[in-house]
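J.: Single-letter residue listing:
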Amino acid sequence: MTLLEQLAQYLASGLVVGGIYALIGLGFVIVFSVTRIINFAQGEFVMPGALLMVTLGDRRLATPIAFLLAVGVVAGVGALLERAIHPVRGAPPLAILILTIGASIAIRGGALILWGTDPFALAPFSPGPPVWLGGAMIVRQGLWLLGIAALAFALLWVFFTRTYAGTAVRACAINPRGARLMGIRVDRASLLAWTLSGALGATAGAVIAPITYATYDMGLMLGLKGFVAAVLGGLVSPLGAIAGGFLLGVLESLAAGLVSSAYKDAVAFVVLIVLCLVQVAGWIPWRVAEEA
Amino acid sequence: MSVSARRRFRMLVAVAIAMAALSSAVTSRYVLSTLIFIALNAMAALGLSLVMGFAGQVSLGQAAFYAVGAYVSGVLTASFGWNGWAALVLAVGAGALLALAIGLPIFRLSGLLLAMATLGFGIIVYYVLVNWSGITGGPSGLTGIPPLALGRFRFDTDQRMLWLAWSLLLLLLGLAGNLVDSRVGRALRAVHGSEVAAEAAGIDTLRLKLGVFTAAGATTALAGSLYAHYLTFINPSPFGFAYSVELVVMVVLGGVASIWGTVLGAAAVVLFVEALRTGLPLLTASHGAPEYEIVAFGLILMGFVVFLPGGLASLRKTP
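Sequence order for the protein chains is A and B. Per the numbering used here, the very first residue in the first sequence carries number 7; after that it's consecutive. Per the numbering used here, the very first residue in the second sequence carries number 156; after that it's consecutive.
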């Protein structure tokens with residue numbers, strides 16, 4: 007393989023993984039925009055999405071039904087978590103951050119009890135050999151992943167710009183007090199944001215399960231990387247998070263291919279530290295989690 | 156001596172006497188090692204407690220400082236034959252220096268930026284420990300770390316280690332108590348109350364917060380160094396993100412910014428993990444995953460933030 011072919015391959019696999027980070031990062035952005043909470047448990051929405059797909063698939067449910075069920079259940083988990091955090095929403099950010107850390111540990115532990123420590127494999131949504139696209143090989147599930155991610159982004163865009171409820175949520179993100187004065191129930195927007203981020207996380211989990219394995223502890227690392235993607239995009243910008251996700255995926259893939267695969271997982275955190283430092287130096291025009 | 160200093164001194168003496176009595180009366184290795192681990196964890200969490208309580212920031216990578224302490228000591232003594240105390244001093248210095256290097260740029264900004272940066276730092280350190288196998292021994296770790304020794308007297312039994320760990324812990328608790336009572340402590344409380352007001356009163360808040368974070372790096376590294384010399388064997392797995400979270404749990408349980416609370420929190424976590432490890436298999440009659448503790452951990456953490464934000468230490472606080 008020439009270097010150019012290799013680069014094309016790294017780019018393709020990076021984009022596939024990046025789609026996952028984008029989905030997870032978007033969950034962070036939606037919750038943070040509306041509630042100013044960094045939901046540390048975001049990754050723990052991904053894990054049950056993947057594991058539920060495996061379990062429901064074992065029950066011989068058709069893939070689309072299993073997918074919708076998994077996403078629906080985890081959206082419910084997101085809503086429940088919002089209700090749990092609701093009573094202390096005025097607490098200092100540090101306390102809330104710790105609260106969501108607690109929630110993430112509890113969810114992971116719950117999954118450990120339900121599913122055990124074994125990794126589960128899931129068949130791809132459609133069988134067949136990898137396809138060639140512009141000189142790079144992509145597994146079929148990778149196409150499913152990118153397609154479903156694109157569909158999710160499109161649905162969210164329609165929801166946030168073309169529906170009354172979505173516009174109301176955006177109003178709450180921009181100015182909660184103003185939104186309340188306009189008769190919008192800020193509480194409900196917060197509930198909706200958490201539900202959506204649960205659904206987004208589960209979507210990510212469901213589509214990635216056939217590529218990696220599904221385990222009870224997969225959520226932590228995926229969640230952290232989704233977080234880096236969101237921070238990369240400025241933490242309040244949905245488009246930024248999507249771009250950040252793909253950028254992070256490609257960076258990781260390039261680092262793994264060109265430098266060393268041993269440090270692949272460290273890339274995201276180097277990016278995170280660099281972002282923190284760069285922001286300190288005031289080099290980037292957008293603010294990274296200034297209000298966090 | 157002020158009233159609070161006298162009270163603290165009495166408390167320290169009481170704990171010292173209790174530990175001395177325990178160390179000679181108890182022969183069970185299990186009990187002794189549990190007590191040692193309580194001391195090591197309390198030492199590691201002490202600085203974090205001050206960072207969270209006074210600087211209003213959280214370090215989500217405190218395990219990295221523990222790891223730096225343990226590995227600097229371990230590598231220097233086991234691979235390069237250094238004297239244990241010299242290695243310990245260098246380990247503590249490395250912890251402090253790293254904390255300073257992270258804190259110096261980060262503390263200029265408000266918000267939870269430190270949480271993010273330390274989170275990244277902690278995970279990177281973990282990957283370095285796993286992958287830099289030439290020095291750290293990789294996933295299988297380092298063996299043959301000698302116990303600390305004073306001349307011919309080696310801290311190689313549980314009794315002796317108990318003495319060493321608790322003496323150092325009590326010393327640090329005394330120092331931290333004095334610090335909190337001093338002018339610096341008042342300044343820290345002012346920063347905690349309102350940073351703007353503190354600055355208006357002429358307090359260099361940046362320097363203070365940086366100082367607390369640096370001290371936290373040093374004490375956590377000290378605990379790590381003692382850990383390496385006590386077990387004489389280290390590998391990366393106890394230094395992961397999970398341990399960083401565990402330290403935060405200890406601080407929250409004990410009560411943020413409470414000096415004695417750290418010991419309570421560390422004791423609660425260590426005892427709780429032990430109780431679950433021995434008790435759960437009996438209750439559920441399953442020998443499956445021994446990690447059920449993590450569910451309870453999560454729920455307890457959530458419960459404390461919601462119902463008892465002052466932690467265990469606030470239960471006995473006199474009005």
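Keep in mind that the hints were calculated from the coordinates and are not lab data. If you're wondering where the values come from, they're calculated on a predicted model, not measured in any experiment. Glycine included, each C-beta is placed from N, C-alpha and C at the ideal position. Take the hints with a grain of salt, since some may be wrong.
[Stated by the list, open to error] Cβ pair distances, simulated, as ranges:
(1) B/Gly248 with A/Met227: 42 to 50 angstroms
(2) A/Leu74 with B/Leu426: 25 to 33 angstroms
(3) A/Ala268 with B/Arg184: 36 to 44 angstroms
(4) A/Gly96 with B/Leu426: 41 to 49 angstroms
(5) B/Pro464 with A/Arg146: 48 to 56 angstroms
(6) A/Gly96 with B/Tyr185: 41 to 49 angstroms
J.: Given a hinted range of 41 to 49 angstroms, is it respected by the beta-carbon distance of A/Gly96 and B/Leu426?
T.: The hinted range 41 to 49 angstroms is violated for A/Gly96 and B/Leu426, with Cβ atoms some 33 angstroms apart.
J.: Could you see if the CB distance from A/Ala268 to B/Arg184 stays within 36 to 44 angstroms?
T.: At 38 angstroms between Cβs, range holds.
J.: Given a hint of 42 to 50 angstroms, does the C-beta separation of B/Gly248 and A/Met227 actually sit inside it?
T.: With Cβ atoms ~32 angstroms apart, the hint is violated.
J.: CB of A/Gly96 to CB of B/Tyr185, is that within 41 to 49 angstroms?
T.: holds (45 angstroms)
J.: Can you tell me whether the CB distance of B/Pro464 to A/Arg146 sits inside 48 to 56 angstroms?
T.: holds (50 angstroms)
J.: Could one say that the CB atoms of A/Leu74 and B/Leu426 fall in the range 25 to 33 angstroms?
T.: violated (45 angstroms)
Hint violations for this structure: numbers 1, 2, 4, all remaining hints satisfied.
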